[in-house]
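**Q** Please take these sequences and the hints and turn them into a complete structure.
Read top to bottom, the protein sequences are chains A and B.
Quick note: the first sequence uses this note's numbering, first residue 1, plus one each step.
Quick note: the second sequence uses this note's numbering, first residue 518, plus one each step.
Please note: incorrect hints may appear among the correct ones.
Derived DSSO-like pairs (lysine-lysine); straight-line CA-CA distance at most 30 Å [said to hold, decoys possible]: (1) K879/B - K1034/B; (2) K807/B - K171/A; (3) K1034/B - K867/B; (4) K1034/B - K836/B; (5) K953/B - K1016/B; (6) K171/A - K879/B.
To be clear about the criterion: a stretch of chain B counts as covered by chain A if any three or more of its residues have a C-beta under 8 Å from a C-beta of chain A, and this derived list gives those stretches [said to hold, decoys possible]: (7) 886-899; (8) 1029-1039.
Quick caveat, the hints were computed from the structure, so don't treat them as lab data.
From a predicted model like this one, the values you see are computed outputs, not experimental measurements.
Every residue gets a Cβ at the ideal spot worked out from N, C-alpha and C, and that includes glycine.
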Amino acid sequence: MTDVPTTPPKRNSQRLDRLWTRTKHLQKLYLLVFPTTLLIAVLGYYPKIDVIIKSFFRWQPPSVNEYIGFNHFVDAFADPIFWSSFQLVFIMLVANLFKMWPGIFAGVALHRISNDRLRYILQVCFVVPMVIPGMVTLLIWKSFYDPDYGIINRLLNATGLMSGLDWLDVKMPALATRLEPMMQGPIAGIFGNLWGLMLVGAFLLMAANHGDVRKIRHRAIGWLLGASFLPFMVEQIIFRSGGRVDYRVLAPLTLLLFIGLMWGLVRTLGPKWVVWMFLLFGAVFGFRGMAFEGGGDNYIALFGGKTAYLRLFLWMGITLAIAEGIRSVRERFAAEATLKTVGTVVFVIGGLLLFASSIWTTPTQQFSQGTPAWLGNKDLVIPALIFWGFPWINTVGVLIYLAGLQQIPIDVYEAAELDGIGPVGMLFRIELPLILTQVRINLIFMTIMTLTTYEMFLILLGPNGGPDNRGMVPGLYMFSKAFLEGKFGYACALGMVLFVMILGLTVIYNKYVKIEK
Amino acid sequence: MMKRFNSNWIGLFLLVTAWGYSAVRFAGISSAQALEEDPDEGKKVVRILHWQLEPGYREGMQRIIDAYNNLPHVEEDRVEVRQMAVTERVYAQFLNVHLISGTAPDICEKGMSSILGSGAQLARFFEPISGYVQKPNHYNKPEYMPGGMSEDLLEALDPEGDRLPDAIDPELADYLETSAWSETFTDGMLGGWDDTLQDYIAVPVSSWGAMRTFYNIDLTADIKAFLEEEYDRRPRAGWLTRLIEEERMVPDNAPFESWVRTPDVPDSLGRFIVFCEATMQYREAKGVDKLVPISASSYFTGTMIGNYIVPFTNAIAEKLDVDHSSNISHEEIIGGWQTGLWSFDDPHLKDGFFDVSRWLAKYYPPGYLGLDREQAARRFIHSRAVFITTGGWDASTLFDGAEGKFEVGVIPAPVPIEGERWYPYSAGRQNEAESKLGAPMALNKESNHFDWAVDFLRFMTSFSANQVMNKEAGWIPSVVGAEPVEAMKPFIPRTEGVKPSMQVNLSNVRIVDHVYKGKFPLYQTGEISYEEFVNDVEESYRSDRNGVDRVWHETFVSNRDRARQLERSMVVSRLRGQLQGWDEENTVKHNNILEYSLTILDGHSTKAIFYKYFPDRTFPEY
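**A** Structure representation (structure tokens):
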């Protein structure tokens, strides 16, 4: 055999030479960024990577460190307390949508102050409270909620609002009782339940926002149908299996299905259709366990099927048909506005009925003595947590809004003035649309904070989340698993689940929730 | 044309000036420090970490630290002890982080952290001290005892002259001087013993005594007078008739009548309820705003109801002790439930413990679950509550707070007596003889001044220093013969009653405790019925992945971990035996660990109990 000269070493060295020449002028830059990169890697990324690794271990430092594969994740998916803790997170996220307004108003008010010095002083006044440690603020608020000596009950008693609450404590459950026949009758019969009614409103809004359904391509229809039916199928498997379906298979499959369908919808129908999956997710929650059961027997004949499941799709079709009908008789913008109005009205009516019939259904009997236990009663814990921090003017948020407002060119204001837009119109037509980027940033911050925070709940309610664990949030549950039960590996796995969720939500916010100015 | 002044220059000027000033100050301080001698240079600093922020404790500890720092041999070696007090809410995190990072103080109070509960975890960070505790404590020699100590030491320890006696009983002095250090503790140093290591791992420096109920003597007298009026009223007050005739809280007999006619505090559970109801009526009648019978909070609720677990569950516990250990384990509790040995319908639970807990909750302040420990103590101090149940650690807070306002009395928790509603379900008062000493101080293995740390602990638990510190703190001393302050005498454990380990405490059965802990307060406050409470709890017990079957598995895993820790300890012991020879101490220790390990059998003891209950089932695996 003869030796055949080989060329690869030469080729490799040539490649290295070329790389060296190409990056020669960048080497100093690499050198400069090296310390920062190293620090970030060691202090920023290493602990996170370690969390990922430890989530696969039964880790109880310093002695127990045993590899257990995906067991923690299986436990996490089957942990009812972990998942029920997201209920409060969801409520807090919805509440945040309302609680961000005072901050926006404060930012606008500051921005509109014409006297620079006064504005500066007020800006400083906004920043000064930031020096007060968060713990102190928490403890002050905890004392506010003291039933006997707290300022909130004293104020409510002094202003007579306590009697108002006491009156509501009688009237609201009575209203819920009076609404019951309507809920069980027409609402359940026609829409399945109140969630169904709200979903109809949401579908109408979707139809208004997402353009002409006739333009949807055939491939997209497949995705749309898949996205609409499959979550219900999974839901059925869960409820019909009677616990026989292994969570180890079901949980990751559901998650994958949800993400896959979302991706498909967005790719074929456009970014805005990301909302569809969330609507369907809401529908699965709203109709959980009753997809093949009916309600409101007297009305069944009207829609020809004893299934909430079919009724929902019937309504999806009806709303799309209504949308197309309106589009066919009115011009595009007018049709869009009409659909938005109708959708909003239906949604709001659904929301109000939900509030009136499902939230305050039994008297708390906390207000008659004038000493409601805001943090000690299971029904008052969540309202107390929502009210916490009133008037909800977050300094950082205000500064972010202010930065956005200051970027609005003066000629936009002048043009608006020439068009005869008043101060209120200026807020909703000029300022708010132009600071939506900042609003989005704040929403992302708020979402991340709501999902990860636990300190407030720990201080106010203790490690079990207060009465009936109503104040349990995922962060607090993670903390209590790690530091009270010593299950660090499990806490790492919970953290990983949370991380994936936050990452997903942030990606969705950034990629698909577009701001059109 | 004059150019307009740019105001930004002012900002720049201020910035440069501030930077320049900082630079000059920094340079000045650095050079001054370089020239000056470091006050800590050459010093041996011994730090002691604890979470006792109750009034008096830090002052008491500081007093003995100062006295120790001024001892001639300590000064000569430039040793200085410093205390670090960290709030209990963050103590566990603080200790864990510093132990793992190797920066923990030399002496740390053991507890709070579940990670450092026992066994190998403890041994990894803290030094077992069996080698030290067998020798006498030299700080119990006559030169450190009352009557024999130097003027300087006496002045440092007892400047007011009210913390130490002039002299002590010679027999006691002799015992303390000659006995092993461990024998000088009232519990034989059991509070510092770790079963899994078969070693002393900490030095207990105080005792909190047993749980007691504090009461406002002045208010009690007023309410008793009111109760007497109501008792004598004809027709008798409706609320009293209801409690006596319908609720059968107390028998309407001569002893009850004579109790009503005295200013005495309730001495039985039935009378306690009658008194609490009288307090509610008194509040209405006299218009005493915000007065409640019992001051409670999320913290104090447990202390109150905790008094009744043993009396009411003892009878059930007797049925559950399948391994005859006189100690009811989690396995025995859940196995008993699964096989029907006990149920929530058992009258000891339904009509006893749970009924009592609901009745007591009627007399707590509104929204007590949202109140914290400080708020509850404040309510008692402000005479807005007659009773509060807690341990000796809160005694000084309550006594000091009430000083000048009202008199405070202390009683053990009242239990039912014959003829009362709950008497048939109660086994009587809990025995407190097994109470261990508290505030155990452990020695950090990484300590740079280990011997001095041990020396300080010896000083801290010498007769004189321990009595001074605990009198200052208002706690019970841990040393034999040392006297507590008068007010702490009611906290000295009572030795009669039911064995405390024979109890069924459902809130302690991990894995399935979350639902129980969440729903129990709702049942207590009347927000859910007993049936709803039981349904929720039993549903959680039956849960596929997080129910009682999981408890079996987790207990097995936990016992296996413990067995492995014991094996590690045995390996160390064997190695020591091979290298240094098998002395008696090491032999006993090795054999004890071996014996203890055999009772666990690598976790298979749990499986053995499981198969005793369920011979035909396979052991749950997850």
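**Q** Next, verify each hint and record whether it holds.
**A** Against the structure, the hints come out as follows:
no., hint, result
1, K879/B - K1034/B, "holds (18 Å)"
2, K807/B - K171/A, "holds (27 Å)"
3, K1034/B - K867/B, "holds (17 Å)"
4, K1034/B - K836/B, "holds (24 Å)"
5, K953/B - K1016/B, "holds (14 Å)"
6, K171/A - K879/B, "holds (26 Å)"
7, 886-899, "holds (count 6)"
8, 1029-1039, "holds (count 6)"
The earlier numbered hints are all upheld by this structure, with none contradicted.
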